[in-house]
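Colleague: The residues making up each chain are set out below.
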Amino acid sequence: RKEVEQDPGPFNVPEGATVAFNCTYSNSASQSFFWYRQDCRKEPKLLMSVYSSGNEDGRFTAQLNRASQYISLLIRDSKLSDSATYLCVVSQRGGTYKYIFGTGTRLKVLA
Amino acid sequence: ETGVTQSPTHLIKTRGQQVTLRCSSQSGHNTVSWYQQALGQGPQFIFQYYREEENGRGNFPPRFSGLQFPNYSSELNVNALELDDSALYLCASSLDQGARYFGPGTRLTVT
Chain A
1 RKEVEQDPGP FNVPEGATVA FNCTYSNSAS QSFFWYRQDC RKEPKLLMSV
51 YSSGNEDGRF TAQLNRASQY ISLLIRDSKL SDSATYLCVV SQRGGTYKYI
101 FGTGTRLKVL A
Chain B
1 ETGVTQSPTH LIKTRGQQVT LRCSSQSGHN TVSWYQQALG QGPQFIFQYY
51 REEENGRGNF PPRFSGLQFP NYSSELNVNA LELDDSALYL CASSLDQGAR
101 YFGPGTRLTV T
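In order, the protein sequence lines correspond to chains A and B.
Per this note's numbering, residue 1 is the first one in the first sequence, and the count goes up by one each step.
Per this note's numbering, residue 1 is the first one in the second sequence, and the count goes up by one each step.
Calculated from the structure, these hints are not laboratory results.
It should be emphasised that the depicted structure is a prediction, and the values quoted were computed from it without experimental measurement.
Heads up, the beta-carbon is just placed ideally off N, CA and C, and yes, glycines get one too.
Do not rely on the hints blindly, as some may be mistaken.
If you anchor each label on the Cβ, the simulated ranges turn out as follows [unchecked claim]: (1) A:Gly54 x B:Arg57: 30 to 38 Å; (2) A:Ala111 x B:Asn79: 31 to 39 Å; (3) A:Ser52 x B:Arg63: 35 to 43 Å; (4) B:Ser65 x A:Pro14: 47 to 55 Å; (5) A:Glu56 x B:Leu83: 41 to 49 Å; (6) A:Ser52 x B:Gly3: 25 to 33 Å; (7) B:Gly3 x A:Arg41: 36 to 44 Å; (8) A:Lys79 x B:Gly16: 43 to 51 Å.
Calculated from the model, a selection of chain B residues having no Cβ within reach of chain A, i.e. all distances over 10 Å [stated by the list, open to error]: (9) Ile12; (10) Arg15; (11) Arg63; (12) Leu67; (13) Phe69; (14) Pro70; (15) Asn71; (16) Glu82; (17) Leu83.
With the C-beta cut set under 10 Å, the calculated list includes, among others, these residues of chain A facing chain B [claimed, not checked]: (18) Gln6; (19) Arg41; (20) Tyr99.
Please model the complete structure; the sequences and the hints are all you need to start from.
Modeller: Structural data, given as structure tokens:
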């Protein structure tokens, strides 16, 4: 089983739609959680950190469920410019430190 | 822009050769981590340096090694290159274990 799993998609949604992505992680000792956005052939860019109480940044809402070991990202009122791959990241600190990416979920917002 | 720079942008090497990639971290950041991203995959964590010492490592063989310098810039060295080492190599900097900010990457092709 992969340490961090995401549905690869693609998710094709019309402009204005609401779309949600989930990401599951296997290590219950995971400490910090993030969502990144990556455009084709570009570097990942930090979208938002994910806090235990959930957090919102404009049209984006992130949630963490430690009991079920998943994080989610909700995008409201999708824009064409939201088309990208969304990567979830889990950090772990045991004997050594690890920062683990999921494989990413592709989103295409259609006009 | 994140302020993280990488060089070179592109590189072509032959199987068996050695390569050194460079990264300058964002001002004020003391931690640098390196990732390998194959086409269609999420970034894979190679290792992390904090204050010039390696303090985290993913599942990569010892022929992947690195350094961090007193100014927090970093190098990734790969010996005995294999065809499967062809990928985008990403460097990210952070303050301690905070969110990572990525450079534009070095695209390595091994022939």
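Colleague: Run every hint past the structure and note whether it holds.
Modeller: Here's how the hints hold up against the structure:
{"no.": "1", "hint": "A:Gly54 x B:Arg57: 30 to 38 Å", "verdict": "holds, 32 Å"}
{"no.": "2", "hint": "A:Ala111 x B:Asn79: 31 to 39 Å", "verdict": "violated, 49 Å"}
{"no.": "3", "hint": "A:Ser52 x B:Arg63: 35 to 43 Å", "verdict": "holds, 39 Å"}
{"no.": "4", "hint": "B:Ser65 x A:Pro14: 47 to 55 Å", "verdict": "holds, 48 Å"}
{"no.": "5", "hint": "A:Glu56 x B:Leu83: 41 to 49 Å", "verdict": "holds, 45 Å"}
{"no.": "6", "hint": "A:Ser52 x B:Gly3: 25 to 33 Å", "verdict": "holds, 29 Å"}
{"no.": "7", "hint": "B:Gly3 x A:Arg41: 36 to 44 Å", "verdict": "violated, 21 Å"}
{"no.": "8", "hint": "A:Lys79 x B:Gly16: 43 to 51 Å", "verdict": "holds, 47 Å"}
{"no.": "9", "hint": "Ile12", "verdict": "holds, 17 Å"}
{"no.": "10", "hint": "Arg15", "verdict": "holds, 24 Å"}
{"no.": "11", "hint": "Arg63", "verdict": "holds, 19 Å"}
{"no.": "12", "hint": "Leu67", "verdict": "holds, 17 Å"}
{"no.": "13", "hint": "Phe69", "verdict": "holds, 20 Å"}
{"no.": "14", "hint": "Pro70", "verdict": "holds, 21 Å"}
{"no.": "15", "hint": "Asn71", "verdict": "holds, 21 Å"}
{"no.": "16", "hint": "Glu82", "verdict": "holds, 22 Å"}
{"no.": "17", "hint": "Leu83", "verdict": "holds, 21 Å"}
{"no.": "18", "hint": "Gln6", "verdict": "holds, 8 Å"}
{"no.": "19", "hint": "Arg41", "verdict": "holds, 8 Å"}
{"no.": "20", "hint": "Tyr99", "verdict": "holds, 5 Å"}
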